[in-house]
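Colleague: One-letter residues, chain by chain:
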Amino acid sequence: MSIAMTATCPECEARVKLTPDLEKGEILQCTDCGAELEVAETNPVELRLAPEEEEDWGE
Amino acid sequence: MSIAMTATCPECEARVKLTPDLEKGEILQCTDCGAELEVAETNPVELRLAPEEEEDWGE
Amino acid sequence: MIVIKIGGSLQDVDPLLSDIARYPEPMVLVHGANRELNELSSRLGHPPRMVTSERGEVSRFTDSLSMDHFLMAYAGKTNKRMVERLRSQGVNAVGLTAMDGGIAVGRRKPDLRVSEGGKLKVLHGDHSGSIERIEPRLLTLLLEHGYLPVLTPPAISHEGVAINVDGDRLAMEVSAALSAGRLLIFADTPGFLRDPDDPASLVERIRGDEIDALFASARGRARVKLLAARQALQRGIGAVGLVDGRRERPLTDALEGAGTWISA
Amino acid sequence: MIVIKIGGSLQDVDPLLSDIARYPEPMVLVHGANRELNELSSRLGHPPRMVTSERGEVSRFTDSLSMDHFLMAYAGKTNKRMVERLRSQGVNAVGLTAMDGGIAVGRRKPDLRVSEGGKLKVLHGDHSGSIERIEPRLLTLLLEHGYLPVLTPPAISHEGVAINVDGDRLAMEVSAALSAGRLLIFADTPGFLRDPDDPASLVERIRGDEIDALFASARGRARVKLLAARQALQRGIGAVGLVDGRRERPLTDALEGAGTWISA
Numbered sequence: 000m001s002i003a004m005t006a007t008c009p010e011c012e013a014r015v016k017l018t019p020d021l022e023k024g025e026i027l028q029c030t031d032c033g034a035e036l037e038v039a040e041t042n043p044v045e046l047r048l049a050p051e052e053e054e055d056w057g058e
Numbered sequence: 000m001s002i003a004m005t006a007t008c009p010e011c012e013a014r015v016k017l018t019p020d021l022e023k024g025e026i027l028q029c030t031d032c033g034a035e036l037e038v039a040e041t042n043p044v045e046l047r048l049a050p051e052e053e054e055d056w057g058e
Numbered sequence: 000m001i002v003i004k005i006g007g008s009l010q011d012v013d014p015l016l017s018d019i020a021r022y023p024e025p026m027v028l029v030h031g032a033n034r035e036l037n038e039l040s041s042r043l044g045h046p047p048r049m050v051t052s053e054r055g056e057v058s059r060f061t062d063s064l065s066m067d068h069f070l071m072a073y074a075g076k077t078n079k080r081m082v083e084r085l086r087s088q089g090v091n092a093v094g095l096t097a098m099d100g101g102i103a104v105g106r107r108k109p110d111l112r113v114s115e116g117g118k119l120k121v122l123h124g125d126h127s128g129s130i131e132r133i134e135p136r137l138l139t140l141l142l143e144h145g146y147l148p149v150l151t152p153p154a155i156s157h158e159g160v161a162i163n164v165d166g167d168r169l170a171m172e173v174s175a176a177l178s179a180g181r182l183l184i185f186a187d188t189p190g191f192l193r194d195p196d197d198p199a200s201l202v203e204r205i206r207g208d209e210i211d212a213l214f215a216s217a218r219g220r221a222r223v224k225l226l227a228a229r230q231a232l233q234r235g236i237g238a239v240g241l242v243d244g245r246r247e248r249p250l251t252d253a254l255e256g257a258g259t260w261i262s263a
Numbered sequence: 000m001i002v003i004k005i006g007g008s009l010q011d012v013d014p015l016l017s018d019i020a021r022y023p024e025p026m027v028l029v030h031g032a033n034r035e036l037n038e039l040s041s042r043l044g045h046p047p048r049m050v051t052s053e054r055g056e057v058s059r060f061t062d063s064l065s066m067d068h069f070l071m072a073y074a075g076k077t078n079k080r081m082v083e084r085l086r087s088q089g090v091n092a093v094g095l096t097a098m099d100g101g102i103a104v105g106r107r108k109p110d111l112r113v114s115e116g117g118k119l120k121v122l123h124g125d126h127s128g129s130i131e132r133i134e135p136r137l138l139t140l141l142l143e144h145g146y147l148p149v150l151t152p153p154a155i156s157h158e159g160v161a162i163n164v165d166g167d168r169l170a171m172e173v174s175a176a177l178s179a180g181r182l183l184i185f186a187d188t189p190g191f192l193r194d195p196d197d198p199a200s201l202v203e204r205i206r207g208d209e210i211d212a213l214f215a216s217a218r219g220r221a222r223v224k225l226l227a228a229r230q231a232l233q234r235g236i237g238a239v240g241l242v243d244g245r246r247e248r249p250l251t252d253a254l255e256g257a258g259t260w261i262s263a
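Protein chains in written order, with numbering that gives the first Met the number 0: chain A, 0 to 58; chain B, 0 to 58; chain C, 0 to 263; chain D, 0 to 263.
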């Protein structure tokens, strides 16, 4: 199962370069619009906006 | 470790016959005074009065 | 006021909990977690040790380590998942064991006479016992302020040691102490079956004076439930329902008469 | 009124519980059970998954199965063994989670950004969150009627889902909600140590405005405790004690000034 080398940014539809060791849940940054993207699926690759960083943490 | 064949009844001091497969916690009856005896220890054998039967049971 | 006992044998309690969430009257829930405990203790390498008394009554020998597991299964997972489920449906539930606030105090019986391998033996260090007194103050306080108490064994001994007690008896004692009008015992059977293997042999109504006759032929859990029902009536509880917890609206159906109802 | 937090790191809590049993004033206990949970989840084949946030904060990823284990360790074994111990010494203890009676409600954060294996990742399905509101009614009711509430995480989300929250923060939020005069956090260290490896570097008194300076150099649990202390002062709690739970009379010594005391 080889991973495609690029995918489409859901924000700006630019092509996003993918690394071979891509993992589900990984966070990437779209080099065009700068949006933070989450790898929702790897087979086939699906990207979606990553959840924002929480300002505070439980235990 | 062979178990002695008899032991003394703590109630009436008669000799109580013991079976070879004697186990700790086992309940015996003194053939002389009829008291119910518990095998407290097997090496050496120690007998004591067995607790009475409870009239009611928890789960 | 009604008391509801949710049997440990009931696999899916969600329909019953949802039906309870719709019920407006004050109520106390009592539950067990037998199956949870058996599974947990086996997985933790200290499998349940069931023993049989001289009169053939089966019970769980609860040493100190088993009581740790008992607290985890009953007071931890089962009690709090029930509270979570009820709260998610708008019920102001409060989970408690019968130790908390000294709700149920009783006598610990550390020595247990059992027949094992054809021999009569004494086991020591059992953390089981029987309930002698219910202190209803905490339950009444919570009920008066709109909370729904969700209660589980263990109870506590006079010396302050956790003791395993029968869930049905705890529900019965609490019903009597709070003078509940009805005690409903939900399990995974239609009710009291004349023949345990034939669901159609459901006995729908039992009068107090008919219990002894049925008692003789009852076995296992059904026997303990009949015992609890008879004592409930003797203690002034109006009616006891042995009802099916697996229906879509178990409480609604029961209150409309489904299952086995026992009254004076 | 004082609030006492008993840290999960404290191995032997008996001396502290006995000292608490002698203390006449109204009080709320809050405890953790970190070590119990780590041990239990490993033995049940679902070992704890500690994860690190982008800012280096370590926390426990709590999926649904881990929350079952959390309830067993915190609300089952640890909470109820504490209630048992206190009751055996004449204390009218009542064990609760912060879910019961809706004591602590907060926002669940199911998505967690972590750095793992050099990569930034998102984990889904976390049952952790932060406390947004304390509903003190049940605690006040129990205190007014002479009970000693023994409180443990988890809290509950707005949707009614159990959420793992930090025990120190729960103790702080409860202290603020009940306007407790003092919050005492007992752990297995003498108090706040300038150098964590040197027990002699105990800082005995910290004024509110000195906290930030110390905060920069603090690490791990000590850092969370300082954070909790600072917020406690901001919320009107008179003084926070970071005190040693391993002494013979930990509470008596603490109230006489032992350990680290932080006040405005």
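Be a bit skeptical, because a hint or two may be false.
Derived PhoX-like pairs: lysine-lysine, alpha-carbon spacing no greater than 20 Å straight-line [to be verified]:
| hint | chain 1 | residue 1 | chain 2 | residue 2 |
| --- | --- | --- | --- | --- |
| 1 | D | K120 | A | K16 |
| 2 | D | K120 | D | K108 |
| 3 | B | K16 | C | K120 |
| 4 | D | K108 | A | K16 |
| 5 | B | K23 | C | K120 |
| 6 | D | K118 | A | K16 |
| 7 | C | K120 | C | K108 |
| 8 | D | K120 | A | K23 |
| 9 | B | K16 | C | K118 |
| 10 | B | K16 | C | K108 |
In case anyone wonders, no lab produced these hints; they're calculated from the structure.
Colleague: Work down the list of hints and note, for each, if the structure agrees.
Modeller: For each hint, the structure was consulted:
no.: 1; hint: K120(D) with K16(A); result: 17 Å, holds
no.: 2; hint: K120(D) with K108(D); result: 15 Å, holds
no.: 3; hint: K16(B) with K120(C); result: 17 Å, holds
no.: 4; hint: K108(D) with K16(A); result: 29 Å, violated
no.: 5; hint: K23(B) with K120(C); result: 8 Å, holds
no.: 6; hint: K118(D) with K16(A); result: 16 Å, holds
no.: 7; hint: K120(C) with K108(C); result: 15 Å, holds
no.: 8; hint: K120(D) with K23(A); result: 8 Å, holds
no.: 9; hint: K16(B) with K118(C); result: 16 Å, holds
no.: 10; hint: K16(B) with K108(C); result: 30 Å, violated
Violated hints, listed in ascending order, are 4 and 10; each of the other numbered hints is respected by the structure.
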